[in-house]
Structure formats: C-alpha cells, structure tokens
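Go ahead and model the full structure; you've got the sequences and the hints to work with.
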Amino acid sequence: MRYGTLWQLLFPLFFFVVSLFSFFFIGDGLRDALDPKDR
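If you read the sequence shown in our numbering, its first letter stands for residue 1, the second for the next number, and so on.
Just so you know, these hints were derived from the structure itself, not from any lab.
Hints are not guaranteed to be accurate.
[Stated by the list, open to error] Quick list of the computed label-pair ranges, beta carbon to beta carbon:
id: 1; residue 1: Lys-37; residue 2: Thr-5; range: 47 to 55 Å
id: 2; residue 1: Asp-38; residue 2: Val-18; range: 23 to 31 Å
id: 3; residue 1: Leu-34; residue 2: Thr-5; range: 31 to 39 Å
id: 4; residue 1: Pro-12; residue 2: Asp-32; range: 29 to 37 Å
id: 5; residue 1: Gly-4; residue 2: Pro-36; range: 29 to 37 Å
Source: prediction; values computed, not measured.
The beta carbon of each residue, even a glycine, is placed where N, CA and C say it ideally should be.
Structure follows, in structure tokens:
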C-alpha cells in the first residue's frame, strides 16, 4: 500500500466523521430547545 492511497482514504473519512458528529450535536441541541420538559 502506498502512502498516497492511505492519505486519500483518511482525509474524506475524517470529514465524514466530523460532519456526522456535528449532525448529532445539532440534533441534540434542537431537541433540548424544542422540548425542554423532556430532561
């Protein structure tokens, strides 16, 4: 395996994981803001 192949795999995977966690945090924030009695 060449180093370029590994970098081309890890770079999009990093952005995918970051965007996935941002959707989770946005969803949690919206749920807390729209349904405060659920705590």
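Do the hints match the structure? See the list:
1. Lys-37 <-> Thr-5: 47 to 55 Å: holds (51 Å)
2. Asp-38 <-> Val-18: 23 to 31 Å: With Cβ atoms ~27 Å apart, the hint holds.
3. Leu-34 <-> Thr-5: 31 to 39 Å: Since Leu-34 and Thr-5 have Cβ atoms about 44 Å apart, the given range 31 to 39 Å is violated.
4. Pro-12 <-> Asp-32: 29 to 37 Å: Holds - the Cβ-Cβ distance for Pro-12 and Asp-32, about 31 Å, lies within 29 to 37 Å.
5. Gly-4 <-> Pro-36: 29 to 37 Å: violated (50 Å)
In summary, the numbered hints that this structure violates are 3 and 5.
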